[in-house]
Structure formats: structure tokens, C-alpha cells
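*Asks:* Taken in sequence, the protein lines are chains U and L.
According to our numbering, the first sequence is numbered sequentially starting from 1.
According to our numbering, the second sequence is numbered sequentially starting from 1.
Derived by calculation from the structure, the hints in this document are not laboratory data.
Keep in mind it's a predicted model, so treat the numbers as computed, not measured.
Heads up, the beta-carbon is just placed ideally off N, CA and C, and yes, glycines get one too.
Hints may contain errors.
Pairs of lysine-lysine residues, derived as DSS-like cross-links and limited to a Cα-Cα distance of at most 25 Å, are as follows [claimed, not checked]: (1) L:K30 x U:K455; (2) L:K35 x U:K456; (3) L:K35 x U:K438; (4) L:K183 x U:K432; (5) L:K183 x U:K455; (6) L:K31 x U:K456.
Computed from the model, here is a short list of chain L residues facing chain U with C-beta under 10 Å [to be verified]: (7) L23; (8) R37; (9) E55; (10) L70; (11) G74; (12) L78; (13) E81; (14) L82; (15) R124; (16) S186.
Each chain is listed here by its residues.
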Amino acid sequence: MTSSIGAKIGSGFGLALAILIVIGAVSYSSTAKFMDSAGWVAHTYEILDNVAGFLSAMKDAETGQRGYVITGQDRYLEPYRNAAAAAGQNLENLRRLTADNPVQQRRLDALAPLVASKFAELQETIALRRDKGFEAAAKMVLTDRGKEAMDQIRQLSGEMQEEENRLLKERTQEEKERAQGTKSTIIFGSLIALIFVMAAGFAITRNIATPLKEVSQAAQRIAAGDLLVDLPATNRRDEVGVLTQMFLRMTQSLKQMSEVAKQIAKGDLTVELVPQSEKDVLGNAFLAMVGDLRKAMREIGEGVDVLGSSTSEILATTKQVTTGAAETATSVTETTTTVEEVKQTAVVSSQKAKRVSESAQNVAQIAQAGRKSVDGTIEEITRMRSQMDLIAESIVRLSEQSQAIGEIVATVNDLADQSNLLAVNAAIEAAKAGEQGKGFAVVAQEVRSLAEQSKKATVQVRTILGDIQKATNGAVLATEQGAKAVEAGVKQATQSGDSVKALAESVTEASQAATQIAASSQQQLLGMDQVASAMENIKIATTQNIAGAQQSEAAAQNLQELGHKLKHLVGHYKLPASESKPLAMRAATGT
Amino acid sequence: MAVDWPAVHHRLEAARAAVERLLSLSEQDKKFLLKARATSLAVLPRSEAAEEYLEIIEFQLASETYGIELRHAGEVSLLKELTPVPCTPAFVLGIINVHGRVLSVVDLKRFFDLPNNALTDLNRVIVVRKDGMELGILADTIHGVRRIPQRELQPSLPTLTGIRAEYLKGVTAERLIVLDANKLLSDPKIVVREELK
């Protein structure tokens with residue numbers, strides 16, 4: 001069996017085609033004959049129709065003529081005029097249709113002069129009626145020339161009809177026979193063709209369908225997942241044979257794959273797999289899967305390690321968080337206490353600020369009074385300055401007067417000097433006088449003594465004057481200093497006034513500041529309330545944090561157990577020593 | 001510094017009253033004073049008749065006190081309108097007019113090499129004369145006339161040497177140097193006879 005399935009099917013179909021062609025040819029010839037017979041039957045019917053039409057036309061012509069003759073009216077001539085043309089036409093048709101029949105031709109030849117005679121008689125009659133009236137026409141009719149011609153026409157027409165009816169009978173019989181023949185040809189031919197086609201179909205089906213069925217059943221089992229199919233080995237080289245062989249190879253490949261899958265399922269990732277071809281999707285996918293699985297297992301292993309350490313860290317962190325939260329709770333309690341203290345402090349500072357504001361107002365009033373008194377002081381000091389001026393004036397006058405006294409004293413001194421000299425001279429004169437001048441000498445001595453006393457007095461007065469001068473100078477200086485002091489006092493007082501003014505302003509500012517401080521303290525109090533509520537929230541949050549941290553700790557312990565389990569699971573997988581080989585394989589296969 | 005103004009007023013009043021009292025002495029007071037003076041004058045000097053006395057005019061030259069015998073002195077006068085004379089020794093200050101007489105004035109301080117003081121209105125001139133020769137001796141101050149006992153006068157001190165020793169008459173215990181007017185006036189050194197050439 002070396003021919004291909006196409007050739008087999010082609011030969012089967014060719015046989016059936018040849019039988020069909022034979023049947024077709026037979027049927028065609030039978031049908032053609034049948035159709036010929038049918039044509040002749042129709043031909044005969046046409047001739048019969050024409051004969052009948054001719055007779056009818058002749059009758060119409062006669063009817064028209066009679067009507068005209070009777071009535072004399074032209075409108076009765078209408079059927080006559082139409083019939084003349086129709087009868088001619090019918091005769092023409094009959095001559096053409098019966099060209100193959102000499103008997104009928106002869107009858108037509110006999111009929112032609114009769115028709116002409118009849119039409120001439122009808123013409124004549126009509127002309128007579130028109131020209132000479134009814135009597136002449138009736139006379140013409142009563143000659144029976146027309147009737148005889150008409151009778152002969154009828155007779156000839158009847159013969160023709162008879163002839164044609166006989167021909168029709170013959171032809172119908174022949175047609176019937178032909179139809180029967182065609183029928184039997186088709187029936188028998190079809191039967192033979194059926195037998196041949198069935199035989200060929202059976203052979204081909206047997207040759208192709210059986211192995212295909214086996215293969216399809218095997219495919220069904222494979223589809224159901226059963227790879228233990230066993231197809232008989234075949235040496236067929238047609239498509240079925242190739243299909244079977246390839247199916248076997250596919251099954252083997254699938255078995256190999258399933259083996260690999262089994263190994264993988266057992267956890268052995270050291271399996272080596274060679275793809276069937278470059279387009280081996282499954283093989284390459286397996287290869288990629290194995291590679292990915294190895295990588296994934298390694299990564300999972302690493303991940304499990306990381307998970308373990310992370311879990312330990314998380315545990316440590318949660319413990320820290322727990323302790324931290326506990327510390328936070330303590331701190332929150334402390335802060336709450338502090339906030340309470342700050343609140344009390346704020347209350348106190350608010351009260352203090354209010355008191356400061358009140359006292360600042362008092363101080364402002366005091367400063368006002370102080371300013372008034374400073375103004376008074378300045379006035380007093382100004383008056384004092386004028387007094388000082390008066391004092392200075394008096395002292396200067398005193399000084400001038402003591403100068404006058406000094407001049408007088410100088411004069412007295414001069415007089416004393418001169419008296420002294422005079423006394424000395426007197427003593428000299430007394431000495432010159434000798435014993436008699438002795439008394440005079442005593443007087444001179446006395447004068448001299450007086451002069452001395454005067455001189456001493458003047459010296460004393462001068463000393464006193466010097467003291468007075470000094471004193472007045474001192475007084476002037478003191479007055480000057482006093483004036484300066486008064487000036488300074490005025491300045492000082494002015495400065496004091498300014499200071500008091502500034503103090504009043506400062507105090508006013510202080511009062512405002514104190515008011516602001518009081519307001520601020522109030523706000524602070526509110527803020528502290530908010531802080532206190534926030535602290536309460538923090539407290540709750542901290543408690544929740546502790547609970548959460550404990551949950552986290554439990555979760556982390558679960559995580560640790562999970563890590564251990566994962567490690568155990570990953571430990572089931574056998575991995576090749578290094579990752580380089582599968583990677584190289586992947587590179588080689590080009591996936 | 002509180003001033004006790006009432007006290008000040010009181011003191012001023014007291015001072016004014018005292019001045020008033022001094023200026024308008026009552027008769028009784030005047031009498032009392034004069035009587036006191038008279039009493040003091042009436043006291044007799046003690047046993048002066050028995051001794052020899054020298055009457056001298058006591059005057060000051062620089063820091064030393066000098067005396068000159070009264071009998072040699074003509075009068076004392078103020079140093080007024082001194083006219084310097086050219087072509088005379090340095091000790092001759094110049095000439096003055098005393099009651100119409102022209103006298104030359106000698107400065108003994110220069111003569112005795114004593115420290116020189118500037119001339120003032122207080123300087124005096126003691127006019128001494130002998131044998132018709134009159135001379136003005138410049139004195140810084142004239143203390144007055146004194147009588148000193150002869151026995152108190154001591155010979156020259158060893159410290160007084162040179163020219164001063166030549167004109168010295170004696171020294172008292174009170175370091176009063178008594179000059180010998182005779183010697184002074186007769187000394188040819190003091191006589192100026194120079195001619196303008």
C-alpha cells in the first residue's frame with residue numbers, strides 16, 4: 001500500500017464519475033428523443049388549432065356578410081374584414097406547418113380555390129347589397145354558390161382534422177414508449193452507480209478510518225490524561241502511517257514530560273530536560289519552569305532566611321515598641337500632670353496679670369500726680385533761681401562795700417604810717433631838745449604807740465576784710481554753684497517730669513501688656529485644655545499601641561512558625577549545586 | 001543741708017548791734033577807755049635813771065634789724081620822688097628832695113652785701129647828718145625809736161665780718177645791730193667824688 005490516501009479516494013471517486021457519465025449520456029439521448037416526440041405532438045396540436053381558426057374565420061366572414069346583407073349597416077362588415085386576413089394567415093401557417101406532409105399539401109391546394117371562390121361570392125354579395133339593395137343580394141345568396149363552396153371547405157377541413165388526429169394518436173404512443181425507456185435507463189444506471197460508489201467508499205473507509213479511529217481513541221485517552229496508550233507499530237508510509245508514528249513520538253515525549261513533572265512534583269529540581277525542537281513550547285516551558293522554580297526555590301529559601309531574621313527583628317522591635325509604649329504611657333501621665341500644673345500656673349498668671357493691670361492703672365494715676373508735683377517743683381526751683389540771683393546781687397554789693405571799707409582802712413593805715421613817722425621825727429626832735437624835750441619824747445612815744453595800735457587795728461580790719469572777701473567770694477561761688485545746682489535741678493526736674501511721663505506711658509503699656517498677658521493666659525488655659533484632651537487621646541492611642549504591639553508580637557511569632565514551616569517545605573526541594581548550568585541551557589535554547 | 005535761718009538772722013542782728021555799739025560809744029565807755037590808757041601811761045619805768053641808755057632808731061634791712069643813734073638822725077621821711085643819678089656807685093640809689101634839701105640816698109644792703117629787695121612806697125629814708133654832711137639811708141621799715149641800755153650792747157659778733165664789722169657799734173641780745181653813724185659818715189668809701197671825664 002504505497003499509494004497515498006488522496007490517490008485512493010481519487011480512484012474511488014473516478015469510478016463513480018465514469019458510471020455517472022454513462023448514465024447521463026443515456027438519459028440525455030432518451031430525453032432528447034422524448035422531447036422530439038413532444039415537439040411533434042405540439043406541432044400536431046398547432047395544425048389542429050390553425051384548422052379550427054381557419055374554419056372559425058370563414059364562419060366569421062359569412063356571419064359578417066349575412067349581417068350586412070340583412071341590415072345594410074357597415075358596422076356589421078367588421079367580422080368579415082377581420083376574417084379575411086385571419087383566414088389568409090391561417091392558411092399560410094397550415095401550408096408552412098404541413099410542409100412535411102404531401103397529403104395535407106394536396107388538400108390545402110384544393111382548399112385554396114374554394115376559399116377564393118367563397119370570398120369572391122361574399123364580395124359580390126356585399127357589393128350587390130351596397131349597390132343594388134337587399135333583393136339583389138338575397139337573390140345572389142339563393143344561388144347556393146356560396147353554400148356549396150362553404151360545404152366543400154367544411155369537408156376538406158374535416159378531412160384535415162381527421163388526418164391530424166390520427167397523426168396525434170400515433171405520436172402520443174411513440175412518446176409514451178420513449179418516456180418509459182428513459183425511466184428504466186435512469187433507474188438501472190443509478191443502481192449500478194450506487195453499488196460501485198458504495199463499494200469504493202467501503203474500501204476507502206476501511207483503509208483510512210480504522211487507523212484514524214484508533215489514533216483518535218488514543219488521543220481521547222491522552223486528552224483524558226491517560227498516557228499509557230499503546231498503538232500498534234505500522235510500516236505504512238502514507239499520511240496515516242506518518243500520523244501514527246508522530247502520535248507515538250508525541251506520546252513518548254508526553255510520557256517523558258510527565259516523568260519530569262512527577263520528579264518535580266516529588267521536589268527533585270535537578271532534572272535535566274532536552275526540548276524536542278526549538279519550537280517545543282511545552283519542553284521550553286518546562287525548562288523555563290524548572291529554571292524559574294529553582295530560582296524561586298532559591299529565592300524562597302533566601303526569603304525564608306530573611307523572613308526569619310526579619311521576624312526576629314520584628315519581635316525585638318515589637319518588644320521595644322511595647323516597652324516604648326509603656327514609657328510613653330508613663331511620660332503621658334507625667335505630661336498630663338505637668339499640663340495640669342501649667343494650667344494652674346496659667347490661672348495664677350492670669351490673676352497676677354489682672355492684678356498687675358490694676359496696679360499699673362494705680363501707678364499711672366500716681367505717675368500723673370508725680371508729674372504734677374514735678375511741675376510744681378520746677379516752678380519752685382525757678383522761683384529759687386530768682387532768689388539766688390537776688391542773693392548773688394546782694395553779696396556782690398557787700399563785696400563792693402567791703403572794697404570801700406578796704407580803701408578806708410588803707411587810708412587809716414597810711415595815716416598810721418605817717419603818724420608813726422611823725423612820732424619818730426618827734427622823738428628825734430625831742431632828743432635834740434635834750435632834757436627839756438623829755439616830756440615831748442614821752443608824747444612822741446605815745447603817738448607812736450597809738451599809730452602802732454591803729455596799724456594793728458587796720459591790719460586786723462584788713463584781715464577781717466580779707467576774710468569777708470573770701471567769705472563773699474565763697475558765697476558768690478556758692479551762689480553760683482547754687483544757681484548751677486538750681487539749673488541742674490530744673491533740668492533734673494524736667495528730666496524727672498519726662499521720666500515720670502515715660503513711666504506713665506510705660507505703665508500704660510505695662511497695663512496693656514498685662515491685659516494681653518491675661519488674655520494670653522486665658523488662651524493658654526484653653527490651649528492647655530486642648531493639650532490635656534490630646535494627652536488623653538495619646539494615652540488611649542498608647543494603650544491601643546501596646547495592644548497592637550502585643551498582637552504584632554503574636555503575629556510575628558506566627559510568622560516565625562510560618563518561616564520554619566517554609567524552610568522545612570523548601571528543604572524538600574533538591575537543587576543542583578549551582579545556578580550556572582540551567583542558565584546556560586536557557587541561553588542555548590533561546591527562551 | 002538745712003539752713004538754720006533764725007540763727008543766721010540772729011547772728012546778723014548781733015553783728016549789726018556790735019558795730020553800732022562800737023561806733024556810738026557812750027560817754028561812760030569813752031571815759032573808761034581813756035582812764036585805762038592814762039593808768040597804763042602813769043606807770044613809771046623801772047630804775048632807768050641809774051643806767052646809761054642809747055636812744056636809737058630801729059629799722060629793718062632785709063631780714064636783719066639795725067639801729068642807728070638818734071643823735072645822728074635828723075628826721076625820717078618817706079621815699080618819694082627818687083631821682084637816679086648817673087656815674088655813681090651802685091650803693092647810691094639817687095637823690096631826693098626833703099623839705100627843700102637835696103639828699104643822696106644810700107642803700108646799705110648793697111653796701112653790706114645783703115639780699116636786695118625791690119623799692120616800695122613803704123621804704124623810708126633816715127636822714128643822718130654830721131659836720132654839715134647830710135645823707136639819706138634807705139630802710140625797708142622803720143620800727144620806731146628805742147632806748148637800749150648801754151650794758152646790753154655787746155661787741156661785734158664773730159659772724160659779722162668785713163665791711164659791716166667796720167661800721168658796727170654793737171649788737172644787742174635781740175640781734176639788733178647798732179651802727180656807728182660817725183664811722184659810716186666819715187668813711188671815705190661812702191663819699192663820692194667823681195668827675196665826669
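*Asks:* Decide, hint by hint, whether the structure agrees.
*Replies:* Against the structure, the hints come out as follows:
Proposed proximity of L:K30 and U:K455 is supported: the alpha carbons are some 21 Å apart, at most 25 Å. This hinted pair checks out: L:K35 and U:K456 have alpha carbons roughly 21 Å apart, not beyond 25 Å. With a C-alpha separation of about 23 Å, the suggested pairing of L:K35 with U:K438 holds against the 25 Å cut-off. Distance restraint check for L:K183 and U:K432: the Cα-Cα separation of roughly 21 Å lies within the 25 Å cut-off, and the hinted pair is therefore satisfied.
Restraint check: the Cα-Cα separation between L:K183 and U:K455 comes to about 35 Å, which exceeds 25 Å; the hinted pair is violated. Taking the CA atoms of L:K31 and U:K456, the gap is about 22 Å. The hint holds against a cut of 25 Å. Because the closest C-beta pair between L:L23 and chain U is about 13 Å apart, greater than 10 Å, the hint is violated. Taking 10 Å as the C-beta cut-off, the interface hint given for L:R37 holds, the closest approach to chain U being about 9 Å.
At about 6 Å, the closest approach between the beta carbon of L:E55 and any beta carbon in chain U falls short of 10 Å, and the interface hint on this residue holds. Residue-level restraint check for L:L70 holds (minimum Cβ-Cβ distance to chain U is 5 Å; threshold 10 Å). For L:G74, the shortest C-beta to C-beta distance to chain U is roughly 7 Å, which falls under 10 Å, so the interface hint holds. At its closest, the beta carbon of L:L78 sits 7 Å from a beta carbon of chain U; the interface hint therefore holds under the 10 Å criterion.
For L:E81, the interface hint is violated, the least distance from its beta-carbon to any beta-carbon of chain U being 16 Å, above 10 Å. Hint on L:L82 is violated. Least Cβ distance to chain U is approximately 17 Å, over the 10 Å limit. Interface restraint check for L:R124: the shortest CB-CB distance to chain U comes to about 7 Å, inside 10 Å, so the restraint holds. Among the interface hints, the one on L:S186 is violated; its C-beta lies about 21 Å from the nearest C-beta in chain U, farther than the 10 Å criterion.
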